[in-house]
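Peer 1: Let the sequences and hints guide you as you build the complete structure.
In case you want the letters, here they are:
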Amino acid sequence: MYQEEFLPVVFKVELRSERTFSVKKWQKIIDDIFCSYVDDISKNEECLIGHIKALAEIDKENFIKYSCINDSNHINSEVHCKQNNINKINMIINSLVSNISENESCQFLERSCLVAENAGDQINIEIVKNEKITIEKTHHHGEDEVCPICGEHHLHKD
Amino acid sequence: MIKNNRPEVILFTGFLGSGKTTMLLKTIEMASVYQKKCAIIINEIGEVGIDNRQMRMLGYDVLDLFGGCVCCTMKVTLEATINHLLENNDNLDYILFEPSGVADPLALYEAITNCGYAESDIQNIFIFDPTRIDFYQKHLKTLFWDSVNLANYVVINKIDEVSKERTEEAADMVASIKPGIKSFKMNLNNELTSEFSQHLMGKEVS
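First to last, the protein sequences are chains E and W.
So for the first sequence, the working numbering puts the first residue at 69; every next one is plus one.
So for the second sequence, the working numbering puts the first residue at -18; every next one is plus one.
No lab work stands behind these hints: they were computed from the structure.
Note that the structure is predicted; figures quoted are calculated from it, not measured.
Hints are supplied without guarantee of correctness; some may be wrong.
As the list claims (entries may be wrong) - To list a few chain W residues with every Cβ distance to chain E over 10 Å, as calculated:
1. I26
2. I162
3. T174
Said to hold, decoys possible - Computed footprint of chain E on chain W, listed as stretches where at least three residues anywhere in the stretch have a Cβ under 8 Å from a Cβ of chain E:
4. 69 to 75
5. 109 to 121
Just so you know, even glycine gets a beta-carbon here, dropped at the ideal spot from N, CA and C.
Peer 2: Put into structure tokens, the structure is as follows:
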């Protein structure tokens, strides 16, 4: 219905540091990245934010989830984590915004990440763009069987 | 009535960011308490899903509908997924389906009815975000109209983020389209109300 208007742009972002930081500190670092990214998007009144959401994966069970549906004053994050100090986070961002190209969105995110890298915490951030992201398809069938759902051969993740 | 002990289909509709995934998670938790077996289907547009990854990290098994929006390119896949579930699971109580927030809810019904369900078998909950009333009025009139018309009931979410007047305005918007439809005013980050739980899972939770 609105799928032509809110085209999804997906980014994989890898954040690393030589030092370990608390999950709360990482939450703040990523929150700042989102604030800057959303601020850049919001400068263009033609751009309507449908939903920008992200999953910052700490390990197989622990994560921080981010969600934003309007401006940088309303970025919600929810920590689901038992760990304290970590030095690496892998994050997937799904950005559904109207009237913005993938390139433009990527430039905004790169700029926001650069600001975070230069903030003095000595972190490195790498953005893996859409075309390089491996899609993990998970259905319920044997490894060598054709998937009854999508009709393709793909690995059963779990 | 659902024939041949088919699992009930519960559909969580609503625009992007309205709280569908939170609603889905709460429903799963509630179903788990009452030892009900659920299948979870999630459709997100975008090559990599956030909600399905989150669900897996929380320990749930999810059937993904990849690569497109379920109301257009993925309609056949939804049908195949439901049929696959029906053929391979005798003891399912519910099929919980969260479509993409940009999907046309009307278009989902065809795929579900092709699996042997009547439209009246589908329990459709529309989740409405009152923080975005203006956005709905300006940009999402068709989606809102269709969603409310198809819904069995409506959850007005995020009531902690808006004034009472705004919540009432949201309820009035719903009632103006479908007078008499039941609206539940909630913050889905909290526990589901017992009244809502009874509506969702009937006598099981009463």
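Peer 1: Decide, hint by hint, whether the structure agrees.
Peer 2: Hints versus structure:
{"no.": "1", "hint": "I26", "result": "5 Å, violated"}
{"no.": "2", "hint": "I162", "result": "21 Å, holds"}
{"no.": "3", "hint": "T174", "result": "21 Å, holds"}
{"no.": "4", "hint": "69 to 75", "result": "violated (count 1)"}
{"no.": "5", "hint": "109 to 121", "result": "holds (count 6)"}
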